[in-house]
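Residue numbers (this note's numbering), protein chains in the order written: chain A, 71 to 321; chain B, 615 to 707.
In case anyone wonders, no lab produced these hints; they're calculated from the structure.
What the simulated footprint calls covered on chain B by chain A, stretch by stretch (three residues with Cβ under 8 Å from a Cβ of chain A suffice, anywhere in the stretch; the number is not a length):
1. 617-624
2. 663-676
3. 695-702
A quick note: this is a predicted structure, and the numbers were derived from the prediction, not measured.
Ideal Cβ placement from N, Cα and C applies to all residues, glycine included.
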Amino acid sequence: MVKYSVLLPTYNERENLPLIVYLLNRELTKCQVDFEILIIDDNSPDGTLAVAQKLQTVFGPEKIRIESRPGKLGLGTAYIHGMRFATGDFIIILDADLSHHPEALPQFIGLQRAGNYDVVTGTRYMNGGGVWGWNMKRKLTSRVANYIASATLGQASTDMTGSYRLYKRAVLERILPSMVSKGYVFQMEIIMRAKALGYRIGEVPINFVDRVFGESKFKLSEITGYLRGVWMLFWTDMKKASPLPTATKAQ
Amino acid sequence: MASRGVQFLVLLSAIFGMWLALILKFSKQSTGYVKYAIYGFPIILGFLFGCYSGFSVIYNMIIFRTCPQKAEDLKKDVQEAKDFYASRGVRFD
Ligand SMILES: Nc1nc2c(ncn2[C@@H]2O[C@H](COP(=O)(O)OP(=O)(O)O)[C@@H](O)[C@H]2O)c(=O)[nH]1
Ligand SMILES: [Mg+2]
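Based on the sequences and whatever the hints tell you, model everything.
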C-alpha cells in the first residue's frame, strides 16, 4: 500500500499537538492510506516532547514516530532531519499550530492521484481559499510579500509563501541537498526549484486559520529576513545544486 | 539557465540599449511630444509598472477571502479531539 509520511516540526506546541495529531489520524484514516506522523521537536521548553510520547501510547509507535533534536535548530533543517527517517512514498508537510487543517488532505491526495502531480501545494489565494484572523494590514502584507516573490522570482505557485504541501518523496530527496536558504523562504526555494526542474505542481485551495493557541509572531525582523531571503534567491541559479553543504547550523 | 537576477540584468541592458539607440537616432530630428516620449521612456515604463503593482496588490487584498465559518468548524474539531482523548482517559498535563 502507498504510504504517506507527515513531517510535523514542533516548537512549543504542547496544546496544539494532540489536536493536530487527532485530526491527521481522522483524515488520513478516511483516505484509507498507510501513514506515519514524524514529530520533530526541538526540545521545546513547554514539554511538547512528553505530549508526543503520550500520543505514541494512544496511536501506536508505528503511526507516531518521534525524532527530536537537542535544541531549536530552525524549521528548514527540521524538514531535512525528518526526511532522514521518513519511510513514506509521499511526504506531507504542514504546521502543527492548526493553521493548516488536515481536512484538506483528502483533496491533496485526490488531486495528486488524479493528475499524477509531483507536488501539490495549498493556496490561500485561489478560488475557495482564504484566511481567518487577519486584519486588512496583515492581508496587505501577505499580498505584498507574495507579489514581490512572484514578480522577482517567477510564479511557481499562486501562493509562493505557503507551506502546506504534499510531495513525491523523490522530489524532496532531489531538492533538499541543494537548498541554500534556511529561514523564512525555505519553502519558497523548494517550490522554485521544483518548478525549475520541471516537476508538475498542482494547487488545492486552503483556508488558513491563524493560530489559536500560542503566540503568532509577526515582527519587523521577519519582514527584513523575508526580503533578504528573496534577494538571495534572486541571485541563485535554481537548476544548479548548491556547493554549500546543507548545514545543521542554528537559525 | 542562470539566476533570475542575471536574467533580469540581461533583459534590462537589452531594453536600455534599444532606448539609447532610439535616442541617438531620432532625438535630433524629432520635436515636442515625440522627444519627451523618447527621453521619458524609462520613467513612463517605471510609472506603469508601479501602477500595475499597486493596483494588483490592492485588488488582491480586497478580494482576499475571510472565512469565519472555518474558524467555527475548527472549534468543533478541537472539541471533537478533546472529547476523544477524554473518552479514553488520556490527559496531557
Ligand atoms: N522543530 C522545530 N519546529 C519549529 C521551529 N520553529 C517553528 N517550528 C514549527 O513550525 C511550524 C510553523 O511555525 P509558526 O511559529 O506557526 O510560524 P508562522 O506560522 O510562520 O508564524 C509550527 O508547527 C512550529 O511549531 C523550530 O525551530 N524547530
Ligand atoms: Mg503558524
